[in-house]
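Student: Residues per chain are reported as follows:
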Amino acid sequence: MPGPLEGYRVVELAEGVGGPYCGSALGDAGADVVKIERPEGDRARGWGSRTKGDLGAAFQSVNRSTRSIALDPDTNEGAAVVKKLIAGADIVIADAGFTRHPDLQPDALMAAHPQLIYVQISEFGEHGPQGNQPPYGELVAQLASEATTSLGVIGESAVRLGNDNASMYAGIFATQAICAALLARDQQGGQRIDVSLFGAMLFMRSTLWVALSNPDEWWGFHLDSYVKPPEYGYRCSDGAVLFSLQGVGPERRDDVYQTFEMEWVRADPLFDLLNQDGGGVGRYSHVVRPLWERAFSKFTMDEVITKTRALGGQAWPKNSYEMLVNSDQVQYLKLIQPVETPFGPIDQMIPPWEFADTPAAIQRPAPRLGEHAAEVLAEAGYSTAEVAALRSRGVLAS
Amino acid sequence: MATGPLSGIRVFDLTLAMVGPWASMQLGAMGADVIHVEQPEQRVGAFQVPPTINGTSIGYISWNMNKRGFTLDLKSPQGRANAYELIKTCDVFLMNMRPDVAGRLGVDYETVSQINPGIVYCTVTGWGHTGPMRDLPGADGQVQYFTGGAAANGAEGEDTEIYRHSTQFDATTGNYACMSILMGLVGRKKTGKGQRVDISMLRATTAMQTPRIAEYLMSKQNPARLGNQAQATAPDRAFMCADRRDLGVSATNEEEWQALCKALGRLEFIEDPRFATNTDRVDHRQELSDALSPIFASMPLDYWVLELNRAGVPNGRLMRWDEIRHHEQVLDNNYIAPVDTREWGRVWTSPGPWHFSKTPTEWSATPTIGEHNAEIVAEIEAHRAAGSSTPQRGA
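As given, the protein sequences belong to chains A and B, one line each in that order. Just so we're aligned: 258 in the working numbering is position 258 of the first sequence, and the numbers increase by one with no gaps anywhere. Just so we're aligned: 209 in the working numbering is position 209 of the second sequence, and the numbers increase by one with no gaps anywhere.
Hints listed in this document are in silico derivations from the structure and should not be mistaken for laboratory results. C-beta atoms are modelled at their ideal positions from N, C-alpha and C, and glycine is treated no differently. Check before you lean on any hint, since a few could be wrong.
Unchecked claim - Residues from chain B shown here face chain A by an in silico Cβ test under 7 Å; the list is partial:
| id | residue |
| --- | --- |
| 1 | Q78 |
| 2 | L217 |
| 3 | N222 |
What the hints assert, rightly or not - Rough simulated footprint, nothing fancy, chain A against chain B, three-plus residues with beta-carbon under 8 Å:
| id | segment |
| --- | --- |
| 4 | 130-140 |
| 5 | 172-185 |
| 6 | 351-363 |
Stated by the list, open to error - Below, in silico cross-link-like pairs of lysine to aspartate or glutamate (DMTMM-like), each with a Cα-Cα straight-line distance of 25 Å or less:
| id | chain 1 | residue 1 | chain 2 | residue 2 |
| --- | --- | --- | --- | --- |
| 7 | B | K189 | A | E126 |
| 8 | B | K193 | A | D328 |
| 9 | B | K220 | A | D103 |
| 10 | B | K358 | A | D103 |
| 11 | B | K75 | B | D100 |
| 12 | B | K358 | A | E126 |
| 13 | B | K220 | A | D255 |
| 14 | B | K190 | A | D74 |
| 15 | B | K358 | A | D74 |
| 16 | B | K220 | A | D107 |
| 17 | B | K262 | A | E322 |
| 18 | A | K298 | B | D159 |
| 19 | A | K228 | B | D159 |
| 20 | A | K228 | B | E158 |
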């Protein structure tokens, strides 16, 4: 059954992570997404592991459910092709600065197509001294939004979020904005939207900004960790766990110490502090953590988890991706499914949403560079001879 | 009248804690009339989690902007009757509670969709409605640990570490809930029918990790701990400059790499076969860092910012809150702004990540609990008196 966005046509002039993720999310939801690539291809084609043919894993994962056509949009002939594709589209997703051709700038496109929804993805937003910059600085956005202060050791070199948070959030917000603009389009016509990596990260951290409105009182377990040492989890004999005694009453503390065979702790100078600590969630949890870890060193993760839950506390394994992928819940829900490619099947995470009537699904694997030029151009009204001519003149790159 | 793109859309917002409220806050910013339905006992729990302003959790204040506050006891006949009347006027039903709670409160999908077949009905759970973990609690910390949220984070040579700003996986899930609701509303334009959409924290937060998990699925290797270096691109990391400040530098295609070499005055690197393509540079990551680090260490950060900006190489430095809130780039884009609340004074927040040219979003203060009871009850009474059936909004 088709997804909820079936029938909408999208032209993507984007690369890297943010814009492509937006395009592929729309594609998973049923939209027809044509990805325009420069002749050298999306920069992310050269990223990541390569264990199957020339497939980059990250590229595959954020470009599935799209079709590719490769050309140089900065040339007049290339721009003319793009213009023609946009004429038949509802939505354009464009990285700021993807092309400098005057005919493909947003004002020109909006003037020609008042119903068009044009989403720009930029690094720092559309206004200001750093406005309209290309969105290829994942680490830049993480640093500028001070996200890196929630990782690593204060005063030492920054640690980045290993995931592409800023780019992925920008892609998610762009997808939201496109849907909202489609809802408004009947009455308002098309419009321009800007989403940036920096703005996305600042928005995601807004809980902290509200707390800092009262800068002397902003402490809280979900925020004070901003000044704490790295959170590796509570080490057990075979791995680490999340450990929290929030919800375990003070009257149960004797049970806790007995369960973990840590009667020795009563003689420790930190015992009073330990007794007040919520286990992982208190302001001084990093001070008393070595006491818990000494006790947990005699138990496996599974034992600590079982015992803590039996006491009414929270304990969870610090999973690697391997552990996640092999977990009962992920297996039960079949969240990882094979997608056929010319190099054989590759595993992908399925889309996160579950629509009862219009299930979204992975429509197709990520395209090879320029793979769909002929069919896309035929749909746009080009004859076979015209396509051959574009190819022979080098307008189409592959 | 709201100016945002969702003007005319009404949301029955049966949410608490963070995930649900974060989603409906976004819908409200985009112009939807979000009626935050709270039950009397909700005044405890997440409402009081520290830090607080005047006894209210800053989380509650942060995540409930752009709504109207309405208290309703769904367990009383009168409350339930009012809820059903209100649901007739709504386009969206959103709820984030454990599986089975909806049935107990009389607002399960079957009931709600019978009252209003046009409604997009969204539930958010921790782990899904089925499977061995369906009944376990799900909140940011638990979900970060379980979904590999730490798997790709860590200083070189250290263990993997969790992102210590622990609201981000809640908010990630809220983002996807908002996105799915909007997709459902777009789908309704064609069919005239609402539908059910389910979001779980498990699926949402793993979706956000799509590129890294894809790399694992293809290579069967857990990510290496690389500190501030990117996994798949190089040079894409922070360099310590002469004034002991970190400069983030991301050259993620060949053009940017060559521009970087020119800006550093080291044209010979362009010809170096070890650094010819991104794949080569990733394979020779350490040699590349050894070659570049002393150059950055020779001059202060501001020098390199100017040089790399001129060369068009993505770069940037760490900013802290005191700088962010006054930064011209932030102010020009309205990324941080004050919001005056009645009960909690002036707070600063980030009023939304999207800029719409024709349908600007608006950001309004968090209501106090039940602040809009009188006007909403009057609206319900008026609707009941008119005996009108479900209005077809947006269809």
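Student: Between B/K358 and A/D103, is the straight-line Cα distance small enough, at 25 Å or below?
Tutor: Distance ~22 Å between B/K358 and A/D103 Cα, so the pair holds.
Student: Between B/K190 and A/D74, does the CA-CA distance stay at or below 25 Å?
Tutor: Cα-Cα ~37 Å, so violated.
Student: Is it true that the CA of B/K262 sits at most 25 Å from the CA of A/E322?
Tutor: violated (41 Å)
Student: Should the hint that B/L217 touches chain A count as held when the rule is a Cβ pair under 7 Å?
Tutor: holds (4 Å)
Student: Checking one constraint from the list: CA of A/K298 to CA of B/D159, max 25 Å. Satisfied?
Tutor: Judged against 25 Å, a Cα distance of about 20 Å means the pair holds.
Student: For the segment 351-363 of chain B, does the count of residues with a C-beta closer than 8 Å to a C-beta of chain A reach 3?
Tutor: Satisfied; 8 residues make the cut.
Student: Would you check the hint for B/K358 and A/D74, treating anything up to 25 Å between C-alpha atoms as holding?
Tutor: Given that 25 Å is the threshold and the Cα spacing comes to 28 Å, the pair is violated.
Student: Holds or violated: are the alpha carbons of A/K228 and B/E158 at most 25 Å from each other?
Tutor: This hinted pair holds, its Cα atoms lying about 16 Å apart.
Student: Does A/E126 lie within 25 Å of B/K189 when you go C-alpha to C-alpha?
Tutor: The hint is violated at about 31 Å.
Student: For the segment 172-185 of chain B, count the residues whose Cβ lies under 8 Å from any Cβ of chain A; is that count three or more?
Tutor: holds (count 10)
Student: When you check the alpha-carbon spacing of B/K358 and A/E126, does it fall within 25 Å?
Tutor: Judged against 25 Å, a Cα distance of about 15 Å means the pair holds.
Student: Does A/D107 lie within 25 Å of B/K220 when you go C-alpha to C-alpha?
Tutor: The given pair, whose Cα atoms are some 46 Å apart, is violated under the 25 Å limit.
Consistency with the previously given hints fails for numbers 1, 7, 8, 9, 13, 14, 15, 16, 17, ordered from lowest to highest.
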